[in-house]
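Chemist: Sequence:
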Amino acid sequence: MIDRAKSRMSFRVIVFIILAFFYALNIRVFVKPAGLLPGGLAGVTLLIQQIVYKLFNFEPSYTLINVALNLIPIYIGFKYIGKNFTMLSCIIIVLSSVFVDMIPGIPHWTDQMLLYCIFGGIINGFIVSLCLGLGGTTGGTDFISIYYSEQKGKDAWNYILLFNIIVLLISGIMFGFEKALFSIIFQYVSTQVIKSLYTKYQKSTLLIVTDNAEKVYKEINQISGHGATLFKGKGTYLGREVDMVYSVISTEEVDNVVRNIKLIDEKAFINVLKTDFLNGKFYNRPND
525 MIDRAKSRMS
535 FRVIVFIILA
545 FFYALNIRVF
555 VKPAGLLPGG
565 LAGVTLLIQQ
575 IVYKLFNFEP
585 SYTLINVALN
595 LIPIYIGFKY
605 IGKNFTMLSC
615 IIIVLSSVFV
625 DMIPGIPHWT
635 DQMLLYCIFG
645 GIINGFIVSL
655 CLGLGGTTGG
665 TDFISIYYSE
675 QKGKDAWNYI
685 LLFNIIVLLI
695 SGIMFGFEKA
705 LFSIIFQYVS
715 TQVIKSLYTK
725 YQKSTLLIVT
735 DNAEKVYKEI
745 NQISGHGATL
755 FKGKGTYLGR
765 EVDMVYSVIS
775 TEEVDNVVRN
785 IKLIDEKAFI
795 NVLKTDFLNG
805 KFYNRPND
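In this note's numbering, the protein residues as written are 525 to 812.
Some hints here could point you the wrong way.
[To be verified] Taking lysine to aspartate or glutamate pairs in the EDC-like style, the calculated list, with each CA pair at most 20 angstroms apart, reads: (1) Lys758 <-> Asp800; (2) Lys791 <-> Glu743; (3) Lys786 <-> Asp735; (4) Lys556 <-> Glu583; (5) Lys791 <-> Asp779; (6) Lys739 <-> Glu702; (7) Lys786 <-> Asp800; (8) Lys791 <-> Asp735; (9) Lys786 <-> Glu776; (10) Lys719 <-> Glu776; (11) Lys756 <-> Glu738; (12) Lys742 <-> Asp800; (13) Lys791 <-> Glu738; (14) Lys703 <-> Asp767; (15) Lys798 <-> Asp779; (16) Lys742 <-> Asp789; (17) Lys578 <-> Asp625; (18) Lys739 <-> Asp800; (19) Lys719 <-> Asp779; (20) Lys719 <-> Asp635; (21) Lys530 <-> Glu583; (22) Lys556 <-> Asp527; (23) Lys739 <-> Glu765; (24) Lys742 <-> Glu776; (25) Lys578 <-> Asp635; (26) Lys742 <-> Glu790; (27) Lys798 <-> Glu776; (28) Lys578 <-> Glu702; (29) Lys786 <-> Glu743; (30) Lys719 <-> Asp800; (31) Lys739 <-> Asp779; (32) Lys607 <-> Asp735; (33) Lys739 <-> Asp767; (34) Lys556 <-> Asp635; (35) Lys742 <-> Glu702; (36) Lys719 <-> Glu790; (37) Lys798 <-> Glu777; (38) Lys791 <-> Glu776; (39) Lys742 <-> Glu777; (40) Lys703 <-> Asp779.
I should point out that these hints are in silico values taken from the structure, not numbers from a laboratory.
Given these sequences and hints, build the entire structure.
Modeler: Here is the structure:
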C-alpha cells in the first residue's frame, strides 16, 4: 500500500513538472505576445512587470515576483488545505515561473486577438483543471478559492473572476482598456473551462426509485462517503409500494454512482438534479 502511494505521488510529481512547462509555454505563446493578463496572481505578476518596465525601462524577474506573491496563499494551503496538495502546487508555481523566464519571447504569430484569448484561455483552463483534478493547483487565488469552497461548500470561481476584473481595471487605467477587455475574454473562457471540467465543489441531488434501497445506499456510501435518506412510497404506474433513496453527492461522482446503481438494479429510476445551494453537514474528501 505504501509503495503504491509513493508510486502515485511520483507520477503526480512528474505530471506537475510537465504541466508547469506547458503553463509557462502558454504564457509565452499566447499571453505575453498579446499583452494579456491571465487570472490570479500570474496576472498580477505580469501587471507588475508591465508597470516596472513602463517606469524604469526594465523587466523584473517573473519568478521573483510570482513566488513572493504566492507566499501567503502557500501558507494558507499548508495550514488549511493539505501538505501534499500544497507541495504539488509549489512545484508548478516555482517551475512554471522559472520556465517563463527561461523560454525565449515568442513573436506575434497572428493579428487576431480573439485567437489569443480563446485558445490561450482554453489551454489555461485545461491545465488548471488537470492540476486540481490531480490534487494541486497553479497557485495564487486558487488556494483561496479552494479554502472558500471547503468552508462554504460552494465553488468560488465567479468570485475569482471578479477579482481578476478589478486587476484588469487597474491595467486598463494605466495601459489602455483594449487589451484589458480582451483579457476579460481570456479569463472568462478559462473560468468556464475550469467550471466544466472540475466539479468537486459542485453538488448533485439523486432521487432513486429502486427495489434494492439498502444495497443502493451502501453503494453510494462506499463510492462517495455520503449518506442517504430512504422513503417509502407508492408507484402509481405499477400500483405497489416502492422505495426511494435521496442523497446529495459531489457532481464529479455522479457518473460512477449511477453506473454502479444500475449494476445493482438495472430497473432503478434515477433522477439527477443540480444542487445550487446546500445548508448542512456535507462530507468533502480531503485533498491529500
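Chemist: Now tell me, hint by hint, if it's right for this structure.
Modeler: Status of the hints after comparison with the structure:
1. Proximity of Lys758 to Asp800 is assessed by CA-CA distance (about 29 angstroms); at most 20 angstroms being required, the pair is judged violated.
2. As the CA atoms of Lys791 and Glu743 are separated by approximately 16 angstroms, the hinted pair is consistent with the 20 angstroms bound.
3. In summary, the hint linking Lys786 to Asp735 is supported, as the alpha carbons are separated by about 12 angstroms, within the 20 angstroms threshold.
4. A C-alpha spacing of about 13 angstroms is found between Lys556 and Glu583, which places the hinted pair at or below 20 angstroms, so the restraint holds.
5. In summary, the hint linking Lys791 to Asp779 is supported, as the alpha carbons are separated by about 17 angstroms, within the 20 angstroms threshold.
6. As the CA atoms of Lys739 and Glu702 are separated by approximately 58 angstroms, the hinted pair breaks the 20 angstroms bound.
7. A threshold of 20 angstroms between alpha carbons decides the hint, and for Lys786 with Asp800 the separation of about 26 angstroms lies outside it, so the pair is violated.
8. Proposed proximity of Lys791 and Asp735 is supported: the alpha carbons are some 9 angstroms apart, at most 20 angstroms.
9. Annotation: proposed proximity of Lys786 to Glu776 holds, straight-line Cα distance about 17 angstroms (limit 20 angstroms).
10. Simply put, Lys719 and Glu776 have alpha-carbon atoms about 11 angstroms apart, close enough for the 20 angstroms limit, and the pair holds.
11. Taking the CA atoms of Lys756 and Glu738, the gap is about 12 angstroms. The hint holds against a cut of 20 angstroms.
12. The straight-line distance between the Cα atoms of Lys742 and Asp800 is roughly 25 angstroms, outside the 20 angstroms bound, and the hint therefore fails.
13. With a C-alpha separation of about 15 angstroms, the suggested pairing of Lys791 with Glu738 holds against the 20 angstroms cut-off.
14. Proximity of Lys703 to Asp767 is assessed by CA-CA distance (about 58 angstroms); at most 20 angstroms being required, the pair is judged violated.
15. Straight-line distance between C-alpha atoms of Lys798 and Asp779 comes to about 14 angstroms, which keeps the hinted pair within the 20 angstroms bound.
16. Our distance criterion of 20 angstroms between C-alpha atoms is met by Lys742 and Asp789, whose separation comes to about 13 angstroms.
17. Restraint check for Lys578 and Asp625: satisfied, since their Cα atoms lie roughly 19 angstroms apart, inside the 20 angstroms limit.
18. For the hint pairing Lys739 with Asp800, the CA-to-CA distance comes to about 28 angstroms; that exceeds 20 angstroms, so the pair is violated.
19. Proposed proximity of Lys719 and Asp779 is supported: the alpha carbons are some 17 angstroms apart, at most 20 angstroms.
20. With a C-alpha separation of about 29 angstroms, the suggested pair Lys719 and Asp635 falls outside the 20 angstroms cut-off, and the hint is violated.
21. Taking the CA atoms of Lys530 and Glu583, the gap is near 40 angstroms; set against the 20 angstroms cutoff, the hint is violated.
22. For the suggested pair Lys556 and Asp527, the alpha carbons sit about 42 angstroms apart, so the restraint of at most 20 angstroms is broken.
23. Proposed proximity of Lys739 and Glu765 is supported: the alpha carbons are some 17 angstroms apart, at most 20 angstroms.
24. Between Lys742 and Glu776, the direct Cα distance comes to roughly 18 angstroms. Compliance with the 20 angstroms bound is thereby established for this hinted pair.
25. Pair hint Lys578 plus Asp635 does not hold up; C-alpha atoms about 23 angstroms apart against a cutoff of 20 angstroms.
26. Between Lys742 and Glu790 the CA atoms are separated by roughly 16 angstroms; this keeps the pair inside 20 angstroms, and the hint holds.
27. For the given pair, Lys798 sits about 12 angstroms from Glu776 by alpha-carbon distance, which is consistent with the 20 angstroms threshold.
28. Restraint check for Lys578 and Glu702: the C-alpha separation of about 17 angstroms stays at or below 20 angstroms, so the hint holds.
29. Under the criterion of a C-alpha separation no larger than 20 angstroms, the hint pairing Lys786 with Glu743 is consistent with the structure, at around 11 angstroms.
30. A C-alpha spacing of about 14 angstroms is found between Lys719 and Asp800, which places the hinted pair at or below 20 angstroms, so the restraint holds.
31. Under the criterion of a C-alpha separation no larger than 20 angstroms, the hint pairing Lys739 with Asp779 is consistent with the structure, at around 17 angstroms.
32. A threshold of 20 angstroms between alpha carbons decides the hint, and for Lys607 with Asp735 the separation of about 44 angstroms lies outside it, so the pair is violated.
33. About 12 angstroms separates the Cα atoms of Lys739 and Asp767, which keeps this hinted pair within 20 angstroms; it holds.
34. At most 20 angstroms may separate the alpha-carbon atoms for a hinted pair to count; Lys556 and Asp635 meet this at roughly 14 angstroms.
35. With a CA separation close to 55 angstroms, the supplied pair Lys742 and Glu702 exceeds the 20 angstroms bound.
36. Taking the CA atoms of Lys719 and Glu790, the gap is near 31 angstroms; set against the 20 angstroms cutoff, the hint is violated.
37. As the CA atoms of Lys798 and Glu777 are separated by approximately 13 angstroms, the hinted pair is consistent with the 20 angstroms bound.
38. Restraint check: the Cα-Cα separation between Lys791 and Glu776 comes to about 23 angstroms, which exceeds 20 angstroms; the hinted pair is violated.
39. For the proposed pair Lys742 and Glu777, the alpha carbon gap of about 15 angstroms is at most 20 angstroms, so the pair holds.
40. The straight-line distance between the Cα atoms of Lys703 and Asp779 is roughly 40 angstroms, outside the 20 angstroms bound, and the hint therefore fails.
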